[in-house]
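Trainee: In order, the protein sequences belong to chains F and B. Our numbering numbers the first residue of the first sequence as 1 and each following residue consecutively. Our numbering numbers the first residue of the second sequence as 1 and each following residue consecutively.
Derived from the structure by calculation, the hints contain no laboratory data. Source: prediction; values computed, not measured. Any given hint might turn out to be false.
[Stated by the list, open to error] Think about it this way: if two alpha-carbon atoms lie no more than 27 Å apart in a straight line, the pair counts; the simulated DSSO-like pairs of lysine-lysine are:
| no. | chain 1 | residue 1 | chain 2 | residue 2 |
| --- | --- | --- | --- | --- |
| 1 | F | Lys43 | B | Lys79 |
| 2 | B | Lys108 | B | Lys32 |
| 3 | F | Lys5 | F | Lys64 |
| 4 | F | Lys43 | F | Lys5 |
| 5 | B | Lys27 | F | Lys64 |
| 6 | B | Lys108 | F | Lys43 |
| 7 | B | Lys27 | F | Lys43 |
| 8 | B | Lys112 | F | Lys43 |
| 9 | B | Lys112 | B | Lys79 |
| 10 | F | Lys5 | F | Lys81 |
| 11 | B | Lys35 | B | Lys79 |
| 12 | B | Lys108 | B | Lys79 |
| 13 | B | Lys112 | B | Lys27 |
| 14 | F | Lys5 | F | Lys75 |
| 15 | F | Lys75 | F | Lys64 |
[Unchecked claim] Computed beta-carbon distance windows for the label pairs:
| no. | chain 1 | residue 1 | chain 2 | residue 2 | range |
| --- | --- | --- | --- | --- | --- |
| 16 | B | Ser15 | F | Gly42 | 23 to 31 Å |
| 17 | B | Glu98 | F | Ser68 | 37 to 45 Å |
| 18 | F | Ser70 | B | Gly62 | 46 to 54 Å |
| 19 | F | Ser28 | B | Val3 | 32 to 40 Å |
| 20 | F | Ser19 | B | Ser28 | 16 to 24 Å |
| 21 | B | Arg66 | F | Ser70 | 40 to 48 Å |
| 22 | B | Gly7 | F | Gly42 | 17 to 25 Å |
| 23 | F | Gly55 | B | Gly73 | 48 to 56 Å |
| 24 | B | Lys79 | F | Ser15 | 41 to 49 Å |
C-beta: ideal position from N, C-alpha, C; glycine also.
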Amino acid sequence: QVQLKESGPGLVQPSQTLSLTCTVSGFSLTSYNVHWVRQPPGKGLEWMGRMRYNGDTSYNSALKSRLSISRDTSKNQVFLKMNSLQTDDTGTYYCTRWYNSGYYFDYWGQGVMVTVSS
Amino acid sequence: DIVMTQGVLPNPVPSGESASITCRSSKSLVYKDGKTYLNWFLQRPGQSPQLLTYWMSTRASGVSDRFSGSGSGTYFTLKISRVRAEDAGVYYCQQVREYPLTFGSGTKLEIK
Numbered sequence: 001q002v003q004l005k006e007s008g009p010g011l012v013q014p015s016q017t018l019s020l021t022c023t024v025s026g027f028s029l030t031s032y033n034v035h036w037v038r039q040p041p042g043k044g045l046e047w048m049g050r051m052r053y054n055g056d057t058s059y060n061s062a063l064k065s066r067l068s069i070s071r072d073t074s075k076n077q078v079f080l081k082m083n084s085l086q087t088d089d090t091g092t093y094y095c096t097r098w099y100n101s102g103y104y105f106d107y108w109g110q111g112v113m114v115t116v117s118s
Numbered sequence: 001d002i003v004m005t006q007g008v009l010p011n012p013v014p015s016g017e018s019a020s021i022t023c024r025s026s027k028s029l030v031y032k033d034g035k036t037y038l039n040w041f042l043q044r045p046g047q048s049p050q051l052l053t054y055w056m057s058t059r060a061s062g063v064s065d066r067f068s069g070s071g072s073g074t075y076f077t078l079k080i081s082r083v084r085a086e087d088a089g090v091y092y093c094q095q096v097r098e099y100p101l102t103f104g105s106g107t108k109l110e111i112k
């Protein structure tokens, strides 16, 4: 069955770089797009960026200068790197699969909580 | 960017009653194919968001017919009929008409 699972450090120091991994199963990264969405504690959802099935990427312009998304198709993994972290980057980070025939996120990971603090 | 604005519910809603959640977009979400690119999600406490409807009014697989989406190009409503305890959580609208994809700020539903 389709699964996505985020992993990464729970605590990152201010000004440092966040590195997260989304490991997928049940589908191919060369057939589906995978997106990253984050959610500050008690707040709403923010789209961050995506890795397309063909390897192209696109980013939220608000984060573009700090954000990089890449992948390793042999390991079924999508990576997120974001630098210059600040306290307002604290939140839960989700990876989610895009269903292109319907234009929606059909499967989500459980999310990984990241706290930016010294 | 398209701004999504959601309304507030008069919580708590008595079990068995109906609840309507509103969402407005700063730009029409109707594409040239005639479809309206508006999705609704429910996020229960401690869980990931769950898709309820897409293309404004098409229910996702396995979603109860108590959930119905409607609207125009810029004003949308998610109606929940005969609310139940399991419907509690935060509801988000999301536009997928163009990038960056954007979400509303969420509408909390509490059940009495």
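Trainee: Next step is simple, just say for each hint if it's right about the structure.
Mentor: Evaluation of the provided hints:
1. F:Lys43 with B:Lys79: 23 Å, holds
2. B:Lys108 with B:Lys32: 33 Å, violated
3. F:Lys5 with F:Lys64: Holds: F:Lys5 and F:Lys64 sit about 23 Å apart, inside 27 Å.
4. F:Lys43 with F:Lys5: With a Cα-Cα distance of about 22 Å, the restraint between F:Lys43 and F:Lys5 holds, given a limit of 27 Å.
5. B:Lys27 with F:Lys64: 23 Å, holds
6. B:Lys108 with F:Lys43: Measuring from Cα to Cα gives roughly 11 Å; hence the hint holds.
7. B:Lys27 with F:Lys43: 23 Å, holds
8. B:Lys112 with F:Lys43: Roughly 23 Å separates the two Cα atoms, so the pair holds.
9. B:Lys112 with B:Lys79: 17 Å, holds
10. F:Lys5 with F:Lys81: 16 Å, holds
11. B:Lys35 with B:Lys79: Within the cut-off at roughly 20 Å; holds.
12. B:Lys108 with B:Lys79: 14 Å, holds
13. B:Lys112 with B:Lys27: Violated. B:Lys112 to B:Lys27 sits at ~35 Å, over the 27 Å cutoff.
14. F:Lys5 with F:Lys75: 13 Å, holds
15. F:Lys75 with F:Lys64: Holds, at roughly 25 Å.
16. B:Ser15 with F:Gly42: 23 to 31 Å: The hint (23 to 31 Å, Cβ to Cβ) holds, given that B:Ser15 and F:Gly42 are roughly 25 Å apart.
17. B:Glu98 with F:Ser68: 37 to 45 Å: Because 23 Å falls outside the window, the suggested range is violated.
18. F:Ser70 with B:Gly62: 46 to 54 Å: 33 Å, violated
19. F:Ser28 with B:Val3: 32 to 40 Å: 35 Å, holds
20. F:Ser19 with B:Ser28: 16 to 24 Å: Once the Cβ atoms are compared, 39 Å apart, the range 16 to 24 Å for B:Ser28 and F:Ser19 is violated.
21. B:Arg66 with F:Ser70: 40 to 48 Å: 42 Å, holds
22. B:Gly7 with F:Gly42: 17 to 25 Å: The hint (17 to 25 Å, Cβ to Cβ) holds, given that B:Gly7 and F:Gly42 are roughly 19 Å apart.
23. F:Gly55 with B:Gly73: 48 to 56 Å: 34 Å, violated
24. B:Lys79 with F:Ser15: 41 to 49 Å: 47 Å, holds
Checked against the numbered hints above, the structure breaks hints 2, 13, 17, 18, 20 and 23 and satisfies the rest.
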